[in-house]
Amino acid sequence: MATPAIDIPQEFTAISKAVADPLRTSILRALARDSFGVLELCRVFDVAQPALSHHLKLLLNARLVAKRREGNSIYYRRSATRPVGLSNYVATIFETLDGLPPDPLLEIGIARVHRERSRSSEAFFADNAKRFQNQQALICEPATYADAAVELLDDLPRAARVLEVGPGDGDLLIRLAARCNHVHAIDNVPAMLQRARERIAAEALGNVTLELADFASHERADYQLIVAGMVVHHAPSPAAFFQHAAQQLLDDGALLVIELCEHDQDWVKDACGDLWLGFEPDQLDDWANHAGLVSGASQYLAQRNGFRIQLRKYYKSIH
8 MATPAIDIPQ
18 EFTAISKAVA
28 DPLRTSILRA
38 LARDSFGVLE
48 LCRVFDVAQP
58 ALSHHLKLLL
68 NARLVAKRRE
78 GNSIYYRRSA
88 TRPVGLSNYV
98 ATIFETLDGL
108 PPDPLLEIGI
118 ARVHRERSRS
128 SEAFFADNAK
138 RFQNQQALIC
148 EPATYADAAV
158 ELLDDLPRAA
168 RVLEVGPGDG
178 DLLIRLAARC
188 NHVHAIDNVP
198 AMLQRARERI
208 AAEALGNVTL
218 ELADFASHER
228 ADYQLIVAGM
238 VVHHAPSPAA
248 FFQHAAQQLL
258 DDGALLVIEL
268 CEHDQDWVKD
278 ACGDLWLGFE
288 PDQLDDWANH
298 AGLVSGASQY
308 LAQRNGFRIQ
318 LRKYYKSIH
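So the sequence shown is residues 8 to 326, counted in my numbering.
You may find that some hints are simply not true.
In silico lysine-lysine, DSSO-like type, Cα no more than 27 angstroms apart, as pairs [claimed, not checked]: (1) K24 / K276; (2) K64 / K74; (3) K24 / K74; (4) K24 / K64; (5) K137 / K276.
Read the hints as simulated data drawn from the structure, not as lab findings. Computed from a predicted model, the values in this text were never measured in an experiment.
Put together the whole structure using the sequences plus the hints.
As structure tokens, then:
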């Protein structure tokens, strides 16, 4: 007597096949909270593009990864959607992968790509510092959100230690200086830092210090507030930015992020050096929550040019 066929959902088989390969599981680990293009993943894993594309296709078909267009580039990340009836199965796979011990080779490959992104961003600002303000004005002038940002800081003690990452031309910095006894600001591009220095000198502000430094390697842990205005979309790894910010904050300290909402205006990559075309609020929340930060107050500003601004405040919870 013939054994009756077992009706196994096709999606289950596709998922099981997709994770039955060491390279594909490593790709899923790399995409835990980061996005990479095909060529970037080739450099992470030192694998030829045809082979890497084949593995990505299997992961896409299993709906374990999703892709998003950023200008002319396609970036891959873990999928936020789950096949019907298999949500727990996929969640268990991801939780298991995330709970594995760190893979040194994977971390080295990811760090290599992040450095490439960082160098590209630094080169853009070094070459375009003088015209950046005019280019940025096509998207959003700091004056559009600066006052709203300060309104979100009503609970900040005047004696609080404050850090601004990437002060630009200093529009937000001078408002922070009026609100706090002392403000520290860092930028990793000398030409951009010089523009902030000139603004501070023109305003005769004596309670601001400027430092040439990369936020990713800036090591302090005593800030009550970190402000990042239009910075995260230039970050090589937004997830890593939130992780590092959380490490720099005191308990109950706050991170204020001012960012573009997700958009499709790819010209900003060439005009303003943007690495990412804005972010969905849920994506910022996911990075923040994974870093141990909890959501606080928020504001959203619409503009006639179509770009939407989000002001998001996060707290480092001690509970």
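Hint check results:
{"no.": "1", "hint": "K24 / K276", "in the structure": "violated, 37 angstroms"}
{"no.": "2", "hint": "K64 / K74", "in the structure": "holds, 11 angstroms"}
{"no.": "3", "hint": "K24 / K74", "in the structure": "holds, 20 angstroms"}
{"no.": "4", "hint": "K24 / K64", "in the structure": "holds, 12 angstroms"}
{"no.": "5", "hint": "K137 / K276", "in the structure": "holds, 17 angstroms"}
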